[in-house]
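Q: Spelled out from the first residue to the last, the chains are:
Number of protein chains: 2
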Amino acid sequence: MASIDVCYSPELLHLYDLKGKAVVAVDILRATSTMVTAFAHGARDIFPVMELEECRAFSGGGCLTAAERNGIKAEGFDLGNSPFSYMNGAVDGRSIAITTTNGTRAIRLSEAAEEVIVGAFLNLKTVARHLSELQLDVVVVCAGWKGQFNLEDTLFAGALVDCLQQDFTSENDATLASLHLYQAAKTDVFNFLRQSSHVRRLENLGIHEDVQFCLQHNLYEVLPVWRQDRLIDLAVVQS
Amino acid sequence: MASIDVCYSPELLHLYDLKGKAVVAVDILRATSTMVTAFAHGARDIFPVMELEECRAFSGGGCLTAAERNGIKAEGFDLGNSPFSYMNGAVDGRSIAITTTNGTRAIRLSEAAEEVIVGAFLNLKTVARHLSELQLDVVVVCAGWKGQFNLEDTLFAGALVDCLQQDFTSENDATLASLHLYQAAKTDVFNFLRQSSHVRRLENLGIHEDVQFCLQHNLYEVLPVWRQDRLIDLAVVQS
Numbered sequence: 001m002a003s004i005d006v007c008y009s010p011e012l013l014h015l016y017d018l019k020g021k022a023v024v025a026v027d028i029l030r031a032t033s034t035m036v037t038a039f040a041h042g043a044r045d046i047f048p049v050m051e052l053e054e055c056r057a058f059s060g061g062g063c064l065t066a067a068e069r070n071g072i073k074a075e076g077f078d079l080g081n082s083p084f085s086y087m088n089g090a091v092d093g094r095s096i097a098i099t100t101t102n103g104t105r106a107i108r109l110s111e112a113a114e115e116v117i118v119g120a121f122l123n124l125k126t127v128a129r130h131l132s133e134l135q136l137d138v139v140v141v142c143a144g145w146k147g148q149f150n151l152e153d154t155l156f157a158g159a160l161v162d163c164l165q166q167d168f169t170s171e172n173d174a175t176l177a178s179l180h181l182y183q184a185a186k187t188d189v190f191n192f193l194r195q196s197s198h199v200r201r202l203e204n205l206g207i208h209e210d211v212q213f214c215l216q217h218n219l220y221e222v223l224p225v226w227r228q229d230r231l232i233d234l235a236v237v238q239s
Numbered sequence: 001m002a003s004i005d006v007c008y009s010p011e012l013l014h015l016y017d018l019k020g021k022a023v024v025a026v027d028i029l030r031a032t033s034t035m036v037t038a039f040a041h042g043a044r045d046i047f048p049v050m051e052l053e054e055c056r057a058f059s060g061g062g063c064l065t066a067a068e069r070n071g072i073k074a075e076g077f078d079l080g081n082s083p084f085s086y087m088n089g090a091v092d093g094r095s096i097a098i099t100t101t102n103g104t105r106a107i108r109l110s111e112a113a114e115e116v117i118v119g120a121f122l123n124l125k126t127v128a129r130h131l132s133e134l135q136l137d138v139v140v141v142c143a144g145w146k147g148q149f150n151l152e153d154t155l156f157a158g159a160l161v162d163c164l165q166q167d168f169t170s171e172n173d174a175t176l177a178s179l180h181l182y183q184a185a186k187t188d189v190f191n192f193l194r195q196s197s198h199v200r201r202l203e204n205l206g207i208h209e210d211v212q213f214c215l216q217h218n219l220y221e222v223l224p225v226w227r228q229d230r231l232i233d234l235a236v237v238q239s
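These protein sequence lines are chains A and B, in that order.
Per this note's numbering, residue 1 is the first one in the first sequence, and the count goes up by one each step.
Per this note's numbering, residue 1 is the first one in the second sequence, and the count goes up by one each step.
If you are wondering where the hints come from, they were derived from the structure by calculation, not from laboratory data.
Careful, some of the hints might be misleading.
[Claimed, not checked] Here are the simulated DMTMM-like pairs of lysine to aspartate or glutamate, each with C-alpha atoms no more than 20 Å apart in a straight line:
#: 1; chain 1: A; residue 1: Lys19; chain 2: A; residue 2: Asp162
#: 2; chain 1: A; residue 1: Lys125; chain 2: A; residue 2: Asp78
#: 3; chain 1: A; residue 1: Lys146; chain 2: B; residue 2: Asp17
#: 4; chain 1: B; residue 1: Lys19; chain 2: B; residue 2: Asp162
#: 5; chain 1: B; residue 1: Lys73; chain 2: B; residue 2: Glu171
#: 6; chain 1: A; residue 1: Lys19; chain 2: A; residue 2: Asp45
#: 7; chain 1: B; residue 1: Lys125; chain 2: B; residue 2: Glu51
#: 8; chain 1: A; residue 1: Lys19; chain 2: A; residue 2: Glu115
#: 9; chain 1: A; residue 1: Lys125; chain 2: A; residue 2: Asp92
#: 10; chain 1: B; residue 1: Lys73; chain 2: B; residue 2: Glu51
#: 11; chain 1: A; residue 1: Lys146; chain 2: A; residue 2: Glu51
#: 12; chain 1: B; residue 1: Lys146; chain 2: A; residue 2: Asp17
#: 13; chain 1: B; residue 1: Lys146; chain 2: A; residue 2: Glu111
#: 14; chain 1: A; residue 1: Lys146; chain 2: B; residue 2: Glu11
#: 15; chain 1: B; residue 1: Lys146; chain 2: B; residue 2: Asp45
#: 16; chain 1: B; residue 1: Lys146; chain 2: A; residue 2: Asp162
#: 17; chain 1: A; residue 1: Lys146; chain 2: B; residue 2: Asp162
#: 18; chain 1: B; residue 1: Lys19; chain 2: B; residue 2: Glu51
[Stated by the list, open to error] Here are the simulated distance ranges between beta carbons:
#: 19; chain 1: B; residue 1: Ser132; chain 2: A; residue 2: Lys146; range: 15 to 21 Å
#: 20; chain 1: A; residue 1: Lys19; chain 2: B; residue 2: Ser132; range: 45 to 51 Å
#: 21; chain 1: A; residue 1: Arg108; chain 2: B; residue 2: Ala184; range: 52 to 58 Å
#: 22; chain 1: A; residue 1: Glu221; chain 2: B; residue 2: Ala112; range: 46 to 52 Å
#: 23; chain 1: B; residue 1: Asp188; chain 2: A; residue 2: Leu134; range: 33 to 39 Å
#: 24; chain 1: A; residue 1: Gly42; chain 2: B; residue 2: Gln165; range: 31 to 37 Å
#: 25; chain 1: A; residue 1: Asp17; chain 2: B; residue 2: Gln238; range: 55 to 61 Å
#: 26; chain 1: B; residue 1: His208; chain 2: A; residue 2: Leu134; range: 34 to 40 Å
#: 27; chain 1: A; residue 1: Gly20; chain 2: B; residue 2: Ala184; range: 52 to 58 Å
#: 28; chain 1: A; residue 1: Glu203; chain 2: B; residue 2: Arg194; range: 36 to 42 Å
#: 29; chain 1: B; residue 1: Asn191; chain 2: A; residue 2: Glu54; range: 48 to 54 Å
Just so it is clear, CB atoms sit at the ideal spot from N, CA and C, and this is done for glycine as well.
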């Protein structure tokens, strides 16, 4: 039986052997939620990059650029990190290069894995179904906040474990803790998270609606996966 | 108001500024529980060291040596890492040099702090009372298992936050998560931990009794703190 582990920070990733495994990279507030939203609204592909300058180099040639640092849209880019700015035709048919404080880093540091999938509450069931089909060992890589543990990515990890516990074994304590926390939170994830550091950070920035949006479960059936140098939506490819 | 943060692994310690703060180093199974037990049974001082060779160098001159790797007593040392071997006069009045897989590392990597305290369920209230008196910002440093998150150290962190939440603010999500997990576990910590990786590891080694012993709350009123190059029991000094 395949196993599911949880890694609470990119800073702990060197302790995990990703070879031959599937990684689910998650940054609920907001990078991976936003990527899922972008694909749901027709984005063709997404180039997650680590540095602002790398991202800027994609501008021109029809590629949109998106950048966020410390919760705020970086100056001189087409888009920030709010899922709402990826709706209403803004990204339909377009390529997007994106860099964020935590999320794009978690994705790029996971490239050694056999399969890298972008997960969010918004596409939870689609990700779980894909993992059940793959039957590879899974590592959920939480983006955290600047290397630190965060609660919202942990709750997503717990939700995914909750979906998969019939078919997967668990080998680490982070997996158990995530499941316990999700079970305590799931009747009202938003209220459970109200005390958390990043929700307070975003509420201070006036992004209350983004938080509520990103906590919705199974809004979209998209499946962003890493192929060569970019993310594509495997749900579109397979349909 | 002073704050209390939790660090889930020595591998994340570079993200915390320890200067001017109090660290509580914890390795419930079993290093810090064993050190607390040793002081309760009359140990004069304890030299926590990181390497086996460093520890061996303390032998002779009346100093006992203790070493554990991967849950097992290392060959050629006086003592292992079971609290039971520190009772019945074995360490009364003696100095002990000790090295363990995780716990001694957590202590030594925290030396930049203003005060380093060794915590365990066994001396929970004594540690909490000392922190309330100090009124320094606190970082609970969980030893984990070879850098990975573990559940028993996290539950101790949650128990300490539970004791201190009236007098301390919390600034990070690890603190919140630890408190939630302890609240879920506290009616029966032993059963809550039965699924955890390290408890299973120790039960495979036949150390069931050690686990039950280490989960007892407030058995001893000892207060091991770091002074210059060693741990001493501040409760003895102050009495």
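Q: All hints are to be evaluated individually against the structure, with a verdict given for each.
A: Quick rundown of the hints versus the structure:
Between A/Lys19 and A/Asp162, the direct Cα distance comes to roughly 24 Å. Violation of the 20 Å bound is thereby established for this hinted pair. About 31 Å separates the Cα atoms of A/Lys125 and A/Asp78, which puts this hinted pair outside 20 Å; it is violated. For a cut-off of 20 Å, the pair hint linking A/Lys146 to B/Asp17 stands: about 14 Å separates their Cα positions. As the CA atoms of B/Lys19 and B/Asp162 are separated by approximately 24 Å, the hinted pair breaks the 20 Å bound.
Taking the CA atoms of B/Lys73 and B/Glu171, the gap is near 38 Å; set against the 20 Å cutoff, the hint is violated. A hinted pair counts as satisfied when its Cα atoms are at most 20 Å apart, and A/Lys19 with A/Asp45 does not qualify at roughly 25 Å. Between B/Lys125 and B/Glu51 the CA atoms are separated by roughly 31 Å; this puts the pair beyond 20 Å, and the hint is violated. For the hint pairing A/Lys19 with A/Glu115, the CA-to-CA distance comes to about 9 Å; that is within 20 Å, so the pair holds.
Among the hinted pairs, A/Lys125 with A/Asp92 is inconsistent with the structure: their alpha-carbon atoms are about 24 Å apart, more than 20 Å. For the suggested pair B/Lys73 and B/Glu51, the alpha carbons sit about 14 Å apart, so the restraint of at most 20 Å is met. About 14 Å separates the Cα atoms of A/Lys146 and A/Glu51, which keeps this hinted pair within 20 Å; it holds. Proposed proximity of B/Lys146 and A/Asp17 is supported: the alpha carbons are some 14 Å apart, at most 20 Å.
A C-alpha spacing of about 23 Å is found between B/Lys146 and A/Glu111, which places the hinted pair above 20 Å, so the restraint is violated. In summary, the hint linking A/Lys146 to B/Glu11 is supported, as the alpha carbons are separated by about 14 Å, within the 20 Å threshold. Between the alpha carbons of B/Lys146 and B/Asp45 the distance comes to roughly 26 Å, so the proposed pair goes past 20 Å and is violated. Taken as a hint, the B/Lys146 and A/Asp162 pair is broken in the structure, with Cα atoms around 26 Å apart against an allowance of 20 Å.
Note on A/Lys146 and B/Asp162: the hinted pairing is violated, with a Cα-Cα distance of about 26 Å set against a maximum of 20 Å. Under the criterion of a C-alpha separation no larger than 20 Å, the hint pairing B/Lys19 with B/Glu51 is inconsistent with the structure, at around 25 Å. Range check, B/Ser132 to A/Lys146: about 30 Å between beta-carbon atoms, so the 15 to 21 Å window is missed. Range check, A/Lys19 to B/Ser132: about 48 Å between beta-carbon atoms, so the 45 to 51 Å window is met.
Checked against the hint of 52 to 58 Å, the C-beta distance between A/Arg108 and B/Ala184 comes to roughly 35 Å, which is inconsistent with it. Checked against the given bound of 46 to 52 Å, the beta carbons of A/Glu221 and B/Ala112, roughly 49 Å apart, stay inside it. Remark: the range hint 33 to 39 Å for B/Asp188 to A/Leu134 is upheld by a beta-carbon distance near 37 Å. A hinted range of 31 to 37 Å for the beta carbons of A/Gly42 and B/Gln165 is inconsistent with their spacing of about 47 Å.
One distance hint, 55 to 61 Å for the beta-carbon pair A/Asp17 and B/Gln238, is violated here, with the actual separation near 48 Å. Restraint check, B/His208 to A/Leu134: a C-beta distance of roughly 38 Å satisfies the suggested window 34 to 40 Å. Separated by about 34 Å at the C-beta atoms, A/Gly20 and B/Ala184 break the suggested range of 52 to 58 Å. For A/Glu203 paired with B/Arg194, a C-beta distance near 38 Å keeps the hint of 36 to 42 Å intact.
Restraint check, B/Asn191 to A/Glu54: a C-beta distance of roughly 50 Å satisfies the suggested window 48 to 54 Å.
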